Structure formats: structure tokens, C-alpha cells
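Protein chains in written order, with my numbering: chain F, 1019 to 1561; chain Y, 1209 to 1489.
Calculated directly from the structure, the hints in this document are not laboratory data. A hint or two may mislead.
As the list claims (entries may be wrong) - Straight-line C-alpha distance at most 27 Å; calculated DSS-like pairs for lysine-lysine:
| hint | chain 1 | residue 1 | chain 2 | residue 2 |
| --- | --- | --- | --- | --- |
| 1 | Y | Lys1336 | F | Lys1438 |
| 2 | F | Lys1134 | F | Lys1174 |
| 3 | Y | Lys1376 | F | Lys1455 |
| 4 | F | Lys1455 | Y | Lys1300 |
| 5 | F | Lys1129 | F | Lys1101 |
On a predicted model such as this, the values are computed, not experimentally measured, just so you know.
As a plain string of letters, each chain reads:
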Amino acid sequence: MSDVSTIDRRAALDWASPQAKKRIRRRYAADRRLQAYGIIAIGLAVGLLGILVTSLVATGAPAFLQTKVNLEIYVDPSKVDPKDPAKGNFRAIVRDALFAQVPAPETDKQKTEVTKILTSDAAYIVRDYVLAHPETIGQRITIPIAVSDPFDQLYKGVIPREVEALNWTQERTFDRLQNRGVVVTHDGKAYLKLDAYIDPAKVESGDFTGIAHESLRAYLPDVSGTEMFGMLADDAPDAIKGRVETDPGVVGKTIQVELPVSEPYQTLAKGETPMVLNQRFSPEQIEAFDALVAKGLVSSPFNWELFLNADSRFPERAGLAGAITGSFYALLVCFLLSFPIGISAAVYLEEFAPKNRLTDLIEVNINNLAAVPSVVFGLLGLAVFLGFFGLPRSAPLVGGMVLSLMTLPTIIIATRAALKAVPPSIREAALGIGASKHQVILHHVLPLAMPGILTGTIIGMAQALGETAPLLLIGMNAFIPSVESMGVLEPATALPTQIFSWADSPERGFVSRTSAAILVLLGFLVMMNMAAVALRHMFERKW
Amino acid sequence: MEAKVEARPVVNVQAPVVREEQGAMAAEQHELKMTARDVNLWYGEKQALFDVSLDIFDRQVTALIGPSGCGKSTFIRCLNRMNDVIEGCRIKGDIRLDGENIYAADIDPVQLRARVGMVFQKPNPFPKSIYENVAYGPRIHGLAHSKSELDDIVVKSLMRAGLYEEVKDRLSESGTGLSGGQQQRLCIARAISVNPEVLLMDEPCSALDPIATARIESLMEELKETFCIVIVTHSMQQAARVSQRTAFFHLGKLVEVGDTTTMFTNPSDTRTQDYITGRFG
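For reference, chain F alone in the conformation it holds in the complex (with noise of 0.2 Å):
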């Protein structure tokens, strides 16, 4: 006993030495240390997800924007029969309307390249509103009509107008060239200067392209000829063929000609960047667009549209209505399921089950479902219920029964820590003053989880929302161009295989609309997940 208490003395620490001190400084750091790891990962995570939100944003955006043209319409009671509107050759008046507006294009393949400035879908819009107005017939009317694809990018600058006429490679091999000495200009004209071999036969049969071509080949013997024979201007097999044509002598010889560049590269010599017309543009289709941009006719309104319209196969006609009726449907359908049984499940198991093999042997299997890939449940979704029970294919239903396999462990897992969650004082309390076991449950503990439950709910179904793989298994991506024959058991797609869908195609105006599909989602699920914190808010009780 004294052994101990003098040890104990000699070592008392001395809190004012060195060594003292130094623990202390270093314990402070390390204290700062893992609040500074705290600090980077938060500051990773948010920084990520900013540049996710920003480039969504800034590829979105010009999707919530449609270019339009206000075209003046005059609906020709020749072409529209008041007694059968729906039958009007509308196809004429959008492009009599058009072709007023524009300088007259003179043959019919300008007359098409004109009308397509305007939506394929531009007659099904007149026809639209002239079966709405059918009052309208015979008088003009203006109406708002979506330009298509590569207009509408145009005008919001997403594509150019002109791109560089020539690549990288081309305008290196003619550096190349140049600073052989090869190049001469003349008159403002450059040419170059070459020794070329006048093959007799190639003169026998007449090819001084070849000519022109192979004399070439020999400065530039590792670049493939499509990235320079287009340095040669149309005329420089002439400029040989008239040497040869002077003087028949050099025929057999090696001489030295002189050949004229093509158009590009003459700018190029110059010092200058060629340009040319992007070539998704007729010259006449510029022209006419431009008529109708300097007639104030064009504008980039609000794009309503893209939340009221189904899906399409033009890009500036495409909408979400579709996907997010469907994918309400789903959810519609996932929630009545899951809900009930998930709470059902959780509530036997958490209150009633006795606790064995057969027991355990459940929860761990619950607990692995959760952890399941969706496309397996996508795939059992197909075998079972598409395949046995022969539920109709691309519906809501299944889409919905498949989500809601996805959501029922994560409703249980949920619902059964809320239910463990609940203070067992409650549970004695109502039990003591004679409360049964379902009044325990129903009138006490249900209540007081509810909370958990709601959140574990949303957030599974907000993970539901999201799911991909298993809709496209069961065929939920269906092309759907109007909204109004959706229901429960009718083919529909989702805001996620619509986005799959967009995602795929390769028209320009669908990579901005993909963004903004996504956009929407992520809108949607902010929404839920708002709603869970305020539900939880709502029920929050005391004890």
C-alpha cells in the first residue's frame, strides 16, 4: 500500500515541463487536424456537385428556351374545308406563310431546304389550333412556331454559323509548305511551286490530275492525299495541261510548275483563317432566316413546351409530359404497394415475430435485398411479372411492382429502426394502463415512428424515381407522343429512360434537353427530399 502511493508521487506529472507542453500543442494540432479532414471532404463533396449543378445548368439551360417564328397565317378557306378542318392541306399554308416572309427561293429543292427553317411538326401546330379556332378559318392569324433543330441553335449560339474550312492537320501540312519556300504568291494569288514529273503516259490518257497530284505527293509523302490534294485549286491540272500543250517537249521530263491553290488555302496564305458555311445550312436557308430575324419575327420564348408536350422525334418539340406522367404513375403504383406491406412487414417483424432461425434468416434477407443491383429486380420484374403472371409490357403497373421491390427493404429497414427508436417507456405506459398489443402498436408506437417511416419512404422513393436499369428492362422507354392515352396499364416511359433515351440520340437540340431532363429530375427530387424533412418536422413529437 505505502509502495504504491510513493510510486505514485515520484510520478506525478509535472503539467508546466517541456515534454508537458508539447503534448498539449501536439494534441491541439491533431484536435485541428481532424476537423481540417472534416473540412476537405465537406469542401470536396460540394465543390464536385457544384460543377456537376453548373455544367448541367450551363448545358441545360438553352432547353428551357424555344426559338420561334411569329408567323403571320392566313388560313385559306380553299385549302381548309370549314366542314372537315382536321383534313386541310395545312402542309401548303405554313409554307405559303413562310415563303411570304422570305426572298422567294426558285426551284423546289430551295423551296424544301426553305421550309425546313420551320418544325417538321409546323402543320400539326396550325392544324391544332385551327381544330381549337375553328372560327379562325379564312382569317390571318399569327401564331408562334418552333424553328427546327439546327435553327433553334443557331439563334441561341449553341452551333456557329461558319466553322473553320480547314483542320488542323491541313493547315500544318501548308506551313509545312511554306516554310519550304514552296509557296509563291503572285498578284495576290498564291500558287505552288512544284517539280513535276510529266508522265507520258498519264498525258496519252490525259490525266494531269494525276499529275498534279503525284508532283504534290513527292514534297508530302507521309500525308494521306484526302488532307492535301485539296490544297490543289480546280485549275491546276489546266495550268499543266496547257504547259504540256505549249510546249510537247517537256513531255517525259521533269519540270518546275507553278499551281494555283484552292480557295481556303488562299486565305490561309494570307495569314488568315478560312471560313465557311456551317454545313448544316443551305446558303438560301441563311438567307431566309435571316429575312425572318430582321423582321423581328424570331424569338426565343419560355419553353413551355418542354414540360407540356409528349416525347418527339424533333428535338424542338420534345417535352417531358410523358416521362413525368408515367413516372408518377410509377411512383403512384410503388407507393400503394410498398408502403402498406413494408410497414405491414416491419411491424410483425419488429413486434410480433419470435425470434429464431427462420426469423433471422428473413431479416438477413431483407437486408441483402436492399443491396441488390436494380437491374436484377428489372430482370425478375420481366420474368415474373411480364413473362409468367403476362402483365402488360412498358406499363406503369410493372414498372411500379418492380420499383416497389427496390423500395420495400429500404421501407423496412427504415420502418423497423423508427419502431426500435421509440423509447420503451411508451410502450409500458400503454401496456400498463391495459392497451393490447395492436392498441400498443397503433395508438402509440405507429405514431411516434411515423416520422422514421415517412423518411425512409421518400427517400426510397425518391431513389426510385431515379432508377433506370429496371424500367428499361420491362420496356418502360416507349416512344409516347401524347400524353392523353396514358394510364396505369398502358405503355409509358419515365423521366430516367427518357433522359437514356435523349441522352442517345444524336440530334444537337437533345444533348441541351438531356440536361434539362435532368435538371427536372433533380428538381423532383429536391422536392421529395424537402418534403421528407418537412413531413418529419410535421410529426415530430416530444418525449
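The hints should help you fit chain Y onto chain F, whose structure is shown.
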């Protein structure tokens, strides 16, 4: 959990010391309300109660004292079958309420708990309004046939629990917003709202300050005029103040039971004496 009705053994080595004179005296004034005979209880493999036999009389307070883990809370929970809900709990023996075996097959534990009410260690009002807290019991047992009858029960119960004056203007406010002592009185009001015959109190004051404790104790003084009260307490002073009979538990056995005054002044078992004088526990 089948109850086994057994005849009381004539000779019991571990039989508690029962002071016959006091018991007889108590029996004269108060009729026998509950009887426990040879109660054995196991939590899984662990035995928590060993052959406990105890008589509880009406209209008086019986205090159960003893060191922590001695089985007094376990025993009080047997009296209204609250142990039923604990998994792995087995009970053997015979507990009777008014001569009726409460572990008999035809006894509904839910109904029994309405007859034998309970107040717990930690105040545990429902996270509902004060009114709803008290009205819940009468409602589920169908004691009130109209809103006014229910109002009447609620007011009377709150009055008897000595809480009405303090909360009469805020009956619709949450019961969890009250102070600890008020919450515990609300729990008492809730327990007596269904008109139980026996009121079990499991350390009702251990979470309360001395003033709130004093209020609960004076309340028990009043309530014992109507109810049979069994209280578990860690405080010997409290047992001495409120109870008429005291039972001392130790290591799952009932060591001694008798008149409170005698128990505290002249205990016959040395263990009781050691505990009361604070030598262990």
C-alpha cells in the same frame, strides 16, 4: 408461462419471517387483496425470484425495499403481468387477486392491467395532450359513454392526482411539456383514470426532486384510502414515511415482511438490519 397452482408447502426452509401478530392485525383492519405464493421467475436461464410469498392488503401501502437487483421490481411487475411482454421470461407459482389466479388461462392480461394499474420509475406521459393522456385509458376500456362523461373522468382523475389546479387551463397542451413532478402526477392520474383496484408504483420518485417527491408521497397518503398501493423504493425514509407494511428483498428472495414500524425498529433478520442501517446495499 402456464401458472402452476400449488399448495403452499407446510415447511419452507427459506420461508420469510412473517410477523403473525402484525399480519393478523393488518388483516383485521384491511382485507387481503393480493396473495403471492412460491413465485419463481426466470429470465432465460437466470433465476430472478426464488419462492416469493407475500400478502398484500387493501387500502394500505406496501413498500418493497432492497438493494439493486434484488428482484423487487421484477416482483411488482409480476402483479400485473407486465413481465409477459419480456422475451424469455418464465414464471412459476401462484398470484391471486381477490382469490382469483391472475395467471389462469381465462384471465386476460390486458384486462388485468386495467385492474392493477402501474406507475413507472421515469415519468412516461404519452407525447399527446394532457387531456388525451388521461382520457386514453377510459376510452380504450369503454368507461365513458359520452364526451361529458369522459371530461368528468379526466377532471376527477386529475383532481385526485392533485394536478388539476395546475393544468386546468392547458389541458390541450402536450403532457411532455410539464415538469418532472407534474409529469409523474399526470401518470398517476392516467393510471387511476380506469379505476384500478391496485396501484403499483415502481420507484415513482427516483427521478424527482425532494419537493416533487413530497407531493407524490402526500398524494399516496390520500390515494391509499381508495386503492391498494404497492411501491418499490430505494429510499428507506420513503418506505418508512408512506408505507404500513414493508417487505425486504435480497438476492431474489423475500427476506422479511411485516409492519413498517416494527421492520425499521426491530427487524428480526440480520440482513434486514444490515440493510436498514446502511451496512450494505
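Here is how each hint holds up against the structure:
1. Lys1336(Y) x Lys1438(F): With a Cα-Cα distance of about 20 Å, the restraint between Lys1336(Y) and Lys1438(F) holds, given a limit of 27 Å.
2. Lys1134(F) x Lys1174(F): Roughly 18 Å separates the two Cα atoms, so the pair holds.
3. Lys1376(Y) x Lys1455(F): 32 Å, violated
4. Lys1455(F) x Lys1300(Y): 24 Å, holds
5. Lys1129(F) x Lys1101(F): Measuring from Cα to Cα gives roughly 30 Å; hence the hint is violated.
When held up to the earlier numbered hints, the structure conflicts with 3 and 5 and fits the remainder.
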